[in-house]
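So you can see what is in the structure, the chains are spelled out below.
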Amino acid sequence: MTDNVCIEVREVYKRYKSAQEDSLSDVSLDVVQSDVFGLLGPNGAGKTTLISILCGIIPVSSGNVRFFGNGTPYSDYERKSRVGFVPQEYAFYQELTPRQNLDYFGAMYNLSKTRLEERREHLLEVLGLEKAGDKKVGTFSGGMKRRVNLAIGIIHEPDILFLDEPTVGVDVQSRNAIIRYLQQLNEGGTTIIYTSHHMSEAEEFCKNIALIDHGKVIAAGDLQALKTAHGVDNLQTLFINLTGEEYRD
Amino acid sequence: MFKLYSSLRKELLLLLNDKVGLTLMFLMPLLLVFIITIIQDSAYKMVNENQIPLLVVNQDEGKEGVKLVDLLKKSGLFKIDSQDGIPQESLKSELLARGKMIALYIPATFSAGLESNAEDVSSILMDDLGLEHDTTAREKVSMPRLAFYNDPVLQENYSYSVMSVIQSYMSVIENSLMIDRMYANMDIAERSAKLKDKMISNRVGIDQIVARNNNSTAIPNSTQHNVPAWTIFAMFFMVVSLGSNIVKERVNGSFLRLKTMPTTFMVVMFSKMAVYVVVAALQVALTFSMGIWILPKLGLPKLSVPDNVVATIAVIFISSMAAVSYALMIGAFAKTEQQANGFGAISIIIFGAIGGILVPTFVMPGFMQFFSNFSPLHWCLEGFYVLFLKGGSWQDLRAVFAFLGIFIVFCQLGTYFKLRLERII
Chain A
0 MTDNVCIEVR EVYKRYKSAQ EDSLSDVSLD VVQSDVFGLL GPNGAGKTTL
50 ISILCGIIPV SSGNVRFFGN GTPYSDYERK SRVGFVPQEY AFYQELTPRQ
100 NLDYFGAMYN LSKTRLEERR EHLLEVLGLE KAGDKKVGTF SGGMKRRVNL
150 AIGIIHEPDI LFLDEPTVGV DVQSRNAIIR YLQQLNEGGT TIIYTSHHMS
200 EAEEFCKNIA LIDHGKVIAA GDLQALKTAH GVDNLQTLFI NLTGEEYRD
Chain B
0 MFKLYSSLRK ELLLLLNDKV GLTLMFLMPL LLVFIITIIQ DSAYKMVNEN
50 QIPLLVVNQD EGKEGVKLVD LLKKSGLFKI DSQDGIPQES LKSELLARGK
100 MIALYIPATF SAGLESNAED VSSILMDDLG LEHDTTAREK VSMPRLAFYN
150 DPVLQENYSY SVMSVIQSYM SVIENSLMID RMYANMDIAE RSAKLKDKMI
200 SNRVGIDQIV ARNNNSTAIP NSTQHNVPAW TIFAMFFMVV SLGSNIVKER
250 VNGSFLRLKT MPTTFMVVMF SKMAVYVVVA ALQVALTFSM GIWILPKLGL
300 PKLSVPDNVV ATIAVIFISS MAAVSYALMI GAFAKTEQQA NGFGAISIII
350 FGAIGGILVP TFVMPGFMQF FSNFSPLHWC LEGFYVLFLK GGSWQDLRAV
400 FAFLGIFIVF CQLGTYFKLR LERII
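Top line first, the protein sequences correspond to chains A and B. Reminder that position 11 of the first sequence reads as 10 in numbering that gives the first Met the number 0, one-by-one numbering, no gaps. Reminder that position 389 of the second sequence reads as 388 in numbering that gives the first Met the number 0, one-by-one numbering, no gaps.
Because the hints were derived from the structure by calculation, they are not lab data. From a predicted model like this one, the values you see are computed outputs, not experimental measurements. Check before you lean on any hint, since a few could be wrong.
Claimed, not checked - Straight-line Cα separation of at most 30 Å, DSSO-like style, residue types lysine-lysine; simulated pairs:
{"no.": "1", "chain 1": "A", "residue 1": "Lys16", "chain 2": "B", "residue 2": "Lys247"}
{"no.": "2", "chain 1": "B", "residue 1": "Lys258", "chain 2": "A", "residue 2": "Lys144"}
{"no.": "3", "chain 1": "B", "residue 1": "Lys139", "chain 2": "B", "residue 2": "Lys66"}
{"no.": "4", "chain 1": "B", "residue 1": "Lys301", "chain 2": "B", "residue 2": "Lys389"}
{"no.": "5", "chain 1": "A", "residue 1": "Lys144", "chain 2": "B", "residue 2": "Lys18"}
{"no.": "6", "chain 1": "A", "residue 1": "Lys130", "chain 2": "B", "residue 2": "Lys18"}
{"no.": "7", "chain 1": "B", "residue 1": "Lys2", "chain 2": "A", "residue 2": "Lys112"}
{"no.": "8", "chain 1": "A", "residue 1": "Lys134", "chain 2": "B", "residue 2": "Lys2"}
{"no.": "9", "chain 1": "B", "residue 1": "Lys258", "chain 2": "A", "residue 2": "Lys135"}
{"no.": "10", "chain 1": "A", "residue 1": "Lys135", "chain 2": "B", "residue 2": "Lys247"}
{"no.": "11", "chain 1": "A", "residue 1": "Lys144", "chain 2": "B", "residue 2": "Lys334"}
{"no.": "12", "chain 1": "A", "residue 1": "Lys206", "chain 2": "A", "residue 2": "Lys226"}
{"no.": "13", "chain 1": "B", "residue 1": "Lys99", "chain 2": "B", "residue 2": "Lys66"}
{"no.": "14", "chain 1": "B", "residue 1": "Lys18", "chain 2": "A", "residue 2": "Lys135"}
{"no.": "15", "chain 1": "A", "residue 1": "Lys144", "chain 2": "B", "residue 2": "Lys247"}
{"no.": "16", "chain 1": "A", "residue 1": "Lys144", "chain 2": "B", "residue 2": "Lys2"}
{"no.": "17", "chain 1": "A", "residue 1": "Lys134", "chain 2": "B", "residue 2": "Lys247"}
{"no.": "18", "chain 1": "A", "residue 1": "Lys134", "chain 2": "A", "residue 2": "Lys144"}
{"no.": "19", "chain 1": "B", "residue 1": "Lys2", "chain 2": "A", "residue 2": "Lys130"}
{"no.": "20", "chain 1": "B", "residue 1": "Lys78", "chain 2": "B", "residue 2": "Lys62"}
{"no.": "21", "chain 1": "B", "residue 1": "Lys193", "chain 2": "B", "residue 2": "Lys72"}
{"no.": "22", "chain 1": "A", "residue 1": "Lys16", "chain 2": "B", "residue 2": "Lys417"}
{"no.": "23", "chain 1": "A", "residue 1": "Lys134", "chain 2": "B", "residue 2": "Lys334"}
{"no.": "24", "chain 1": "A", "residue 1": "Lys112", "chain 2": "B", "residue 2": "Lys258"}
{"no.": "25", "chain 1": "B", "residue 1": "Lys247", "chain 2": "A", "residue 2": "Lys112"}
{"no.": "26", "chain 1": "A", "residue 1": "Lys16", "chain 2": "B", "residue 2": "Lys258"}
{"no.": "27", "chain 1": "A", "residue 1": "Lys135", "chain 2": "B", "residue 2": "Lys2"}
{"no.": "28", "chain 1": "B", "residue 1": "Lys258", "chain 2": "A", "residue 2": "Lys206"}
{"no.": "29", "chain 1": "B", "residue 1": "Lys18", "chain 2": "B", "residue 2": "Lys258"}
{"no.": "30", "chain 1": "B", "residue 1": "Lys258", "chain 2": "A", "residue 2": "Lys134"}
{"no.": "31", "chain 1": "A", "residue 1": "Lys134", "chain 2": "B", "residue 2": "Lys18"}
{"no.": "32", "chain 1": "B", "residue 1": "Lys73", "chain 2": "B", "residue 2": "Lys195"}
{"no.": "33", "chain 1": "A", "residue 1": "Lys226", "chain 2": "A", "residue 2": "Lys215"}
{"no.": "34", "chain 1": "B", "residue 1": "Lys18", "chain 2": "B", "residue 2": "Lys247"}
{"no.": "35", "chain 1": "B", "residue 1": "Lys334", "chain 2": "A", "residue 2": "Lys16"}
{"no.": "36", "chain 1": "B", "residue 1": "Lys334", "chain 2": "A", "residue 2": "Lys135"}
{"no.": "37", "chain 1": "B", "residue 1": "Lys258", "chain 2": "A", "residue 2": "Lys215"}
{"no.": "38", "chain 1": "B", "residue 1": "Lys247", "chain 2": "A", "residue 2": "Lys130"}
Take these sequences, add in the hints, and give me the full structure.
Structure below.
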């Protein structure tokens, strides 16, 4: 593992119990520090499975995942403190306010009371939630909920941030706000691993990508280099050329 | 500690935001205790203090029918509405039309039948004693039958109680007639009064003694029975709030998100249990307070708290833990909130029914009494009854602690393995 590689995935296989096929098969890839890395693929390709493995939610069937270049096991306490996760679902408490949600999840990330208050108010401000900070999240629009979901994942200022479809189902304004803030985080040194079905958004946002289909990495590397190598001028065409046009379940 | 504090705070906030759950947990036990205690108390008073409305149709051509009606009147148990003109065929419809619950029909041959039977008994006795008596052939009249009508909505045991009372007055009349007939046959009819008085008035009395293990002054009454019983029932209804709360966290990914955080899931589970055990203790405090201070103001019996306060606290704690553990398990196994709420609520009603909350277990058939041992509510109720009604000691509570302990471990392990299967812990 080179010094600036912060996630190294080697020959990872994953087969769920009672499944006939592997959800991931021989997946190997490197994510370098401060990268915005896109994990792209059609529905059921294995993106969420890979993110779940990287976040320590599910174990690999075989293979290795190493973080920060020091061989630390992925379930390690320190890794969890330095990694953030923003799931596709609204994984928070709709009955609570954004402040109450951030207080709870921030404490679970071991933030001190003072630091937690600072981070909470900062995030509410930069994500445009300051005025709604004391209203129940259940009354929010989809875009506002997405921003709360994001705020929880980054309250502890992670070094690596995993985002599973962070802009699905939101309006253009919220999407722009989210992407803009993620770019700021990345400029500050946060490594971002991101999945999305919005090819134009991914093209604008990602430096490197891995295209996954049927559980395998079918293309990986610098986005510009991949487009040039396949003779296409945009990510969507590259995606269609490599994954085909048939429907996916 | 900050983590634990935040987790406890989150649980408390979720609970305070769950208006339906809070209503079920705090208003329901108060209403249940209040309503059931009043109803049972009035039923007790109706049988013991109030007069039972009784429609009587006396078509007896002799004087024994009148005697029976007089005895029923003198007993003070019945409010008699005599309607001798109603034919038996229309008595059913008259009963329903007049809004009466019970009616007694005395047939025309009532006196003749009783007298004929008394004559037969007397003759047998005279013959056996070898005494001379009047052997003139008399017309034989068969033993009469009274007809007892009751509204179909009237509970069976209530009807049986009334019939028992009528039966006991019939014994008085029959015995009196037999003595009269025997004395008459012996030509000493004027002396029968003394024997009748001796036989009828000097009967064996029954002293009711409540079997208790100490000198507790608690008197079994509707309050002593209902306050603990319905408090336990309501305590287990936290399954609706806590169970659906867990389903939500499982389904919306909050639990999985916690798995990506540097924290132990034990903090989450401990916080849930701690908050809901406190809720259960508050439920107990609330309903017991009502039993002590409010029910007496409404003319209902006061709740007497057991002398063994430490044992009472221990029973409240283990009952709360049983309720919380069951709710956790339902929350872990249910796939949706609807499942948790529906199955949770119905299972508590079933546990309550087989556990003796709705009707006492001793009136159940043998196999149901066996099944009641599998209801946690039965053991919680047993624990409270040992303390509240029997004045029991720690020794008497051993089975309660053993069963509830096993139940708690079973539920906790079930929850642990299910969440582990889902890779949440």
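Evaluated hints:
1. A:Lys16 x B:Lys247: With Cα atoms ~24 Å apart, Lys16 of chain A and Lys247 of chain B stay inside 30 Å; holds.
2. B:Lys258 x A:Lys144: Distance ~21 Å between Lys258 of chain B and Lys144 of chain A Cα, so the pair holds.
3. B:Lys139 x B:Lys66: Given pair Lys139 of chain B, Lys66 of chain B holds - Cα atoms ~22 Å apart, limit 30 Å.
4. B:Lys301 x B:Lys389: Status holds; Cα separation ~17 Å.
5. A:Lys144 x B:Lys18: holds, 23 Å
6. A:Lys130 x B:Lys18: holds, 25 Å
7. B:Lys2 x A:Lys112: Within the cut-off at roughly 10 Å; holds.
8. A:Lys134 x B:Lys2: holds, 23 Å
9. B:Lys258 x A:Lys135: holds, 24 Å
10. A:Lys135 x B:Lys247: holds, 16 Å
11. A:Lys144 x B:Lys334: holds, 24 Å
12. A:Lys206 x A:Lys226: The given pair, whose Cα atoms are some 12 Å apart, holds under the 30 Å limit.
13. B:Lys99 x B:Lys66: Distance of about 22 Å is within 30 Å: holds.
14. B:Lys18 x A:Lys135: Since the Cα atoms of Lys18 of chain B and Lys135 of chain A sit roughly 14 Å apart, the hinted pair holds (cutoff 30 Å).
15. A:Lys144 x B:Lys247: holds, 16 Å
16. A:Lys144 x B:Lys2: At roughly 24 Å apart (the allowed maximum being 30 Å), Lys2 of chain B and Lys144 of chain A satisfy the hint.
17. A:Lys134 x B:Lys247: holds, 20 Å
18. A:Lys134 x A:Lys144: holds, 12 Å
19. B:Lys2 x A:Lys130: With a Cα-Cα distance of about 26 Å, the restraint between Lys2 of chain B and Lys130 of chain A holds, given a limit of 30 Å.
20. B:Lys78 x B:Lys62: holds, 21 Å
21. B:Lys193 x B:Lys72: holds, 24 Å
22. A:Lys16 x B:Lys417: holds, 15 Å
23. A:Lys134 x B:Lys334: Holds, because 29 Å separates the two Cα atoms, which is no more than 30 Å.
24. A:Lys112 x B:Lys258: OK: Lys112 of chain A and Lys258 of chain B at ~21 Å, within 30 Å.
25. B:Lys247 x A:Lys112: holds, 27 Å
26. A:Lys16 x B:Lys258: The given pair, whose Cα atoms are some 20 Å apart, holds under the 30 Å limit.
27. A:Lys135 x B:Lys2: Roughly 22 Å separates the two Cα atoms, so the pair holds.
28. B:Lys258 x A:Lys206: holds, 29 Å
29. B:Lys18 x B:Lys258: holds, 29 Å
30. B:Lys258 x A:Lys134: holds, 27 Å
31. A:Lys134 x B:Lys18: holds, 17 Å
32. B:Lys73 x B:Lys195: It holds: about 18 Å lies between the C-alpha atoms, which stays within 30 Å.
33. A:Lys226 x A:Lys215: OK: Lys226 of chain A and Lys215 of chain A at ~19 Å, within 30 Å.
34. B:Lys18 x B:Lys247: holds, 16 Å
35. B:Lys334 x A:Lys16: holds, 19 Å
36. B:Lys334 x A:Lys135: Holds. Lys334 of chain B to Lys135 of chain A sits at ~25 Å (cutoff 30 Å).
37. B:Lys258 x A:Lys215: holds, 26 Å
38. B:Lys247 x A:Lys130: holds, 27 Å
In terms of the numbered hints stated before, the structure departs from none.
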